[in-house]
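Protein chains: 2
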Amino acid sequence: MAGIKYEIEEQIGVVSESSKGWTKELNLISWNEREAKYDLRDWAPEHEKMGKGITMSREELKKLRDILNDMDL
Amino acid sequence: MAGIKYEIEEQIGVVSESSKGWTKELNLISWNEREAKYDLRDWAPEHEKMGKGITMSREELKKLRDILNDMDL
Numbered sequence: 000m001a002g003i004k005y006e007i008e009e010q011i012g013v014v015s016e017s018s019k020g021w022t023k024e025l026n027l028i029s030w031n032e033r034e035a036k037y038d039l040r041d042w043a044p045e046h047e048k049m050g051k052g053i054t055m056s057r058e059e060l061k062k063l064r065d066i067l068n069d070m071d072l
Numbered sequence: 000m001a002g003i004k005y006e007i008e009e010q011i012g013v014v015s016e017s018s019k020g021w022t023k024e025l026n027l028i029s030w031n032e033r034e035a036k037y038d039l040r041d042w043a044p045e046h047e048k049m050g051k052g053i054t055m056s057r058e059e060l061k062k063l064r065d066i067l068n069d070m071d072l
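Which chain is which? The protein sequence lines are D and A, in order. Following numbering that gives the first Met the number 0 from start to finish, the first sequence increments by one per residue and tops out at 72. Following numbering that gives the first Met the number 0 from start to finish, the second sequence increments by one per residue and tops out at 72.
Rather than coming from a laboratory, the hints here were simulated on the basis of the structure. From the three backbone atoms N, C-alpha and C, an ideal C-beta is built for every residue, glycine too. Errors might be hidden in some of the hints.
One side only, chain A facing chain D, incomplete, derived with CB under 7 Å [said to hold, decoys possible]:
1. Gly12
2. Leu60
3. Leu67
Straight-line C-alpha distance at most 20 Å; calculated EDC-like pairs for lysine to aspartate or glutamate [what the hints assert, rightly or not]:
4. Lys61(A) with Asp71(D)
5. Lys51(A) with Glu59(D)
6. Lys51(A) with Glu58(D)
7. Lys62(A) with Asp65(D)
Produce the entire structure from the sequences given, and follow the hints as far as they go.
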């Protein structure tokens, strides 16, 4: 994505890996030098390309955690 | 998004709500009449418009839950 500057400040965890080596990861990422946000996104090997994803605040992650803990997974 | 057919089969939980009424939701959604997937996404009020989001399998949700439970949120 041209023009978007980002820095992965912390790699928190890998949710899955596809047969082509793309990984779905939860990271802490700073976009355009702003304060870092939690980011759940697909990445090509070595983070060479990024796929679709969403950013979340700490409060959103907490709420998501509570929702997942209430599910019968 | 023109041409994409979807059905929200289950509304699992709301992660957050913005000042404009958009909500970040975890739902079980069938896309183009295929088997339903878990979907984390922003929605306008009444699900009138959809924003960015990602779909996940049950296995991915489990792993994400474990990652979140290991974090000091």
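Quick rundown of the hints versus the structure:
Using the Cβ-Cβ criterion of 7 Å, the hint placing Gly12(A) at the interface with chain D is satisfied: the shortest such distance is roughly 4 Å. Hint status for Leu60(A): holds, given a least beta-carbon distance of 6 Å to chain D, under 7 Å. The interface hint given for Leu67(A) is met, as the beta carbon of that residue sits about 4 Å from the closest beta carbon of chain D, less than 7 Å. In summary, the hint linking Lys61(A) to Asp71(D) is supported, as the alpha carbons are separated by about 10 Å, within the 20 Å threshold.
Note on Lys51(A) and Glu59(D): the hinted pairing holds, with a Cα-Cα distance of about 15 Å set against a maximum of 20 Å. Taken as a hint, the Lys51(A) and Glu58(D) pair is honoured in the structure, with Cα atoms around 19 Å apart against an allowance of 20 Å. About 14 Å separates the Cα atoms of Lys62(A) and Asp65(D), which keeps this hinted pair within 20 Å; it holds.
The earlier numbered hints are all upheld by this structure, with none contradicted.
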